[in-house]
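Novice: My request is simple: use the sequences and hints to build the entire structure.
Residue numbers (the UniProt record's numbering): 1 to 561.
Worth flagging that the hints you see were computed from the coordinates, not collected in a lab.
A virtual CB, placed ideally from N, CA and C, is assigned to each residue, including glycine.
Do not take every clue at face value.
Capping the alpha-carbon separation at 30 angstroms, the derived lysine-lysine pairs in DSBU-like fashion look like this [said to hold, decoys possible]:
no.: 1; residue 1: K158; residue 2: K539
no.: 2; residue 1: K505; residue 2: K158
no.: 3; residue 1: K505; residue 2: K539
no.: 4; residue 1: K539; residue 2: K110
no.: 5; residue 1: K110; residue 2: K158
Computed Cβ-Cβ distance ranges for the label pairs, DEER-style [what the hints assert, rightly or not]:
no.: 6; residue 1: T507; residue 2: G438; range: 46 to 54 angstroms
no.: 7; residue 1: A140; residue 2: F43; range: 36 to 44 angstroms
no.: 8; residue 1: A384; residue 2: G215; range: 23 to 31 angstroms
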Amino acid sequence: MSDTLAVTNLGEDAGTPDGGKASWTERAVTPALSRHPERRERFESTSGVEVERLYTPEDTASLDYGRELGYPGEFPFTRGIQPTMYRGRFWTMRQYAGFGTAEETNERFKLLLAAGQTGLSTAFDLPTQMGYDSDHSMAAGEVGRVGVAIDTLDDMRKLLAGIPLERVSTSMTINATASILLAFYIAVADERGIPRSQISGTIQNDILKEYIARGTYIYPVEPSLRLITDIFAFCNAEVPRWNTISISGYHIREAGATAAQEIAFTFADGLEYVRRARAAGLDVNRFAPRLSFFFAAHNDLFEEVAKFRAARRLWARLMRERFGASDEAAKLRFHTQTGGVTLQAQQPLNNVVRVTVQALSAVLGGTQSLHTNGYDEALSLPTAQAATLALRTQQVLAFESGAADTVDPLAGSYFVESLTDAVEAKAREYLDKIEEMGGAAAAIDYMQEEIHRAAYEHQIGVENGDRVIVGVNKFQSEAGDPVDLGQPDFSALERGQRQQLAQLKSTRDDAEVRARLDAVRAAARGTDNLMPHIIAAVKSLATLGEISDALRAEWGVHRPA
Numbered sequence: 001m002s003d004t005l006a007v008t009n010l011g012e013d014a015g016t017p018d019g020g021k022a023s024w025t026e027r028a029v030t031p032a033l034s035r036h037p038e039r040r041e042r043f044e045s046t047s048g049v050e051v052e053r054l055y056t057p058e059d060t061a062s063l064d065y066g067r068e069l070g071y072p073g074e075f076p077f078t079r080g081i082q083p084t085m086y087r088g089r090f091w092t093m094r095q096y097a098g099f100g101t102a103e104e105t106n107e108r109f110k111l112l113l114a115a116g117q118t119g120l121s122t123a124f125d126l127p128t129q130m131g132y133d134s135d136h137s138m139a140a141g142e143v144g145r146v147g148v149a150i151d152t153l154d155d156m157r158k159l160l161a162g163i164p165l166e167r168v169s170t171s172m173t174i175n176a177t178a179s180i181l182l183a184f185y186i187a188v189a190d191e192r193g194i195p196r197s198q199i200s201g202t203i204q205n206d207i208l209k210e211y212i213a214r215g216t217y218i219y220p221v222e223p224s225l226r227l228i229t230d231i232f233a234f235c236n237a238e239v240p241r242w243n244t245i246s247i248s249g250y251h252i253r254e255a256g257a258t259a260a261q262e263i264a265f266t267f268a269d270g271l272e273y274v275r276r277a278r279a280a281g282l283d284v285n286r287f288a289p290r291l292s293f294f295f296a297a298h299n300d301l302f303e304e305v306a307k308f309r310a311a312r313r314l315w316a317r318l319m320r321e322r323f324g325a326s327d328e329a330a331k332l333r334f335h336t337q338t339g340g341v342t343l344q345a346q347q348p349l350n351n352v353v354r355v356t357v358q359a360l361s362a363v364l365g366g367t368q369s370l371h372t373n374g375y376d377e378a379l380s381l382p383t384a385q386a387a388t389l390a391l392r393t394q395q396v397l398a399f400e401s402g403a404a405d406t407v408d409p410l411a412g413s414y415f416v417e418s419l420t421d422a423v424e425a426k427a428r429e430y431l432d433k434i435e436e437m438g439g440a441a442a443a444i445d446y447m448q449e450e451i452h453r454a455a456y457e458h459q460i461g462v463e464n465g466d467r468v469i470v471g472v473n474k475f476q477s478e479a480g481d482p483v484d485l486g487q488p489d490f491s492a493l494e495r496g497q498r499q500q501l502a503q504l505k506s507t508r509d510d511a512e513v514r515a516r517l518d519a520v521r522a523a524a525r526g527t528d529n530l531m532p533h534i535i536a537a538v539k540s541l542a543t544l545g546e547i548s549d550a551l552r553a554e555w556g557v558h559r560p561a
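Specialist: Shown next as C-alpha cells:
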C-alpha cells in the first residue's frame with residue numbers, strides 16, 4: 001500500500017451516505033437541535049457569507065479542478081504562484097520597523113537581521129509621509145513618533161549604515177513622498193558603487209488607497225497618478241528588481257472593510273494603475289511582474305485563507321481578461337501583515353494568540369512575505385522584546401508547525417473551496433459596480449461609504465455583544481497584563497533632528513539646491529520623467545520637504561469634496 005494520499009477530482013461524485021446532507025439533517029440534526037439549540041441562528045463570515053453547518057461533496061459538485069484550482073505555479077494560481085512554494089524557500093520574514101531617529105531604527109534593523117529576519121520593512125513618521133521636514137511647524141510633536149524621521153540624504157545614509165543593499169531587500173511604507181524616499185535609497189546605492197540593477201525592494205506608492213482609506217495624500221489625484229507612472233517607467237529602465245508599487249488592501253481593511261471589500265477595492269486600484277501605465281506607453285508584460293500587493297490577515301482563519309486563494313485567482317483572471325497579460329504578468333505577488341486594528345490594549349498578551357492565528361492564515365494562504373505585529377502595539381511602538389517574539393512566531397510556524405511542508409494544504413476542503421468561491425463572487429460584484437462608475441479614481445466616494453458602513457456594522461456587533469472580543473467585551477479582568485513600554489524622549493529627539501537639519505542646511509551649496517528644485521518644478525509642469533530630477537535634487541542635499549514644496553507649487557494639494 002502506498003503511503004501517499006490519492007488526489008481525487010472534487011467535482012466527481014464521491015457518493016453520499018444515507019441520502020446526503022438533507023437526510024442527515026432530518027435524521028440527526030433536528031433531534032439534536034430540539035435538545036441543544038445552536039449558539040446563534042445564522043453563522044457568517046466578516047464578508048456576510050453564510051457559513052453552513054456542514055460541508056460535503058455536494059457543495060463542491062460543480063467544481064472544475066483544472067479551471068478553478070489548477071496546479072501551483074500555473075494559471076489561475078489559486079494554489080500558489082510557485083510550483084513548490086515553501087518547500088523550496090520560506091516566505092520572507094519582513095518585520096516592520098521604524099521609530100525615532102535613523103540611527104535608532106538602524107539598530108532595530110540589525111537586531112532583527114541578527115535574529116533571523118530576511119528582509120527589511122521601514123515605517124516613516126507622519127511628517128515624512130506628508131512631505132514636511134522635521135523643522136516645519138506642521139511637524140511639531142510628530143517627529144519620530146510613528147516611524148523614522150527622514151528629511152535628507154544624510155538621514156538615509158544613517159538608516160542604511162552597514163546594511164548590504166545588494167543582498168537585503170527593503171520595503172518602504174511610503175506613498176505621497178515615495179518618489180523622494182526611493183531617490184534617497186538610490187542615491188545611497190550610487191554612493192556605495194552598487195549598480196542600480198542589483199538593489200531590490202518595494203515602495204508602497206499606492207496613492208489611491210490614501211484617498212479612499214488612510215489620508216496621507218498631498219497632491220490632487222491626476223498629478224499623483226502621473227508621478228506613479230513616472231516611477232514605473234524609470235524603474236522599468238533603471239532599477240529592474242524594484243517593486244514599484246505595493247497595492248494595498250491592508251489599510252482598506254484596517255479602516256473597517258470586510259475581506260471581500262479588501263480584495264475588491266484593492267484590485268479596483270490595481271486595475272486603475274495598470275490602465276494608467278498602459279496609457280503612458282508601458283508594456284503590461286514588462287511592468288506587471290513588478291507589481292506587488294499588500295493584504296491584512298485577520299482573525300477569521302478560514303475566511304482569510306479563502307480570501308488569499310480567491311485573490312490570486314481573481315487577479316489572474318482580471319489581468320488576462322482585460323489586458324491579455326501573460327501568465328507571469330498575471331501572478332498575484334503579495335505581502336501580508338497581521339491586523340493592527342485587531343490588537344487590543346486590554347489584556348495585551350492575548351494579542352500573541354491573535355497574531356499567531358492571523359500569521360497561520362497567511363502561510364496557509366500562500367503569502368510571499370509576512371510581518372507579524374508585536375503584542376504591545378495597541379499601546380505603543382513595539383518594544384524589542386515584542387518585535388523579537390513576533391518574529392519567533394513566524395519561525396515556529398516555518399520550522400515546527402508543518403504548515404509549510406506541502407503546497408496549499410487546505411485545498412480540497414469542502415468548506416474552504418466553497419468559501420473561496422463565495423469571497424471571489426462578492427469581490428466581483430463590487431468590482432463590476434466600480435467599473436460601471438468609471439474605475440477607482442471615479443469611485444473613491446463610493447468605496448469610502450462602503451468601508452464606513454462595514455466598520456459601523458462591526459462596531460455595533462462588538463457593542464451589543466454579537467461579536468466577542470476576548471478581554472474587551474467578554475472575559476474582562478481588572479488586573480492587566482504587565483507590559484514594559486519604555487519609549488524614547490520624543491521632545492529631545494525632535495530637537496536633535498531639527499539641529500541636524502539646520503547644520504546640513506548651513507553647509508550645503510544653496511545655489512545648486514535651488515537649481516535642482518527649479519528643475520523638479522519644470523519637469524512637473526512638463527512631461528519629463530520626474531525621477532532623474534528628484535534624484536539629482538536629493539544628491540544636492542535638497543530636503544524631502546523642499547522637494548515636496550516644489551511639487552506643491554506646481555500641482556497644488558488635494559482637497560476632499
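Novice: Are the Cα positions of K505 and K539 separated by 30 angstroms at most?
Specialist: 13 angstroms, holds
Novice: Assuming the hint says 23 to 31 angstroms, is it satisfied by the Cβ distance from A384 to G215 or not?
Specialist: Distance hint for A384, G215 holds at roughly 30 angstroms.
Novice: Just to be careful, I want the Cα atoms of K158 and K539 compared with a cutoff of 30 angstroms; is the pair within it?
Specialist: 15 angstroms, holds
Novice: Quickly compare the C-alpha distance for K110 and K158 to 30 angstroms and report which way the hint goes.
Specialist: 13 angstroms, holds
Novice: Can you confirm whether the C-alpha distance between K505 and K158 stays at or below 30 angstroms?
Specialist: 17 angstroms, holds
Novice: At the C-beta level, are A140 and F43 separated by a distance inside 36 to 44 angstroms?
Specialist: 49 angstroms, violated
Novice: With a cut-off of 30 angstroms on the C-alpha distance, tell me whether K539 and K110 pass.
Specialist: OK: K539 and K110 at ~26 angstroms, within 30 angstroms.
Novice: Is it true that the C-beta distance of T507 to G438 lies inside 46 to 54 angstroms, as the hint says?
Specialist: 50 angstroms, holds
Going through the hint list in order, the structure does not satisfy hint 7, though it satisfies all others.
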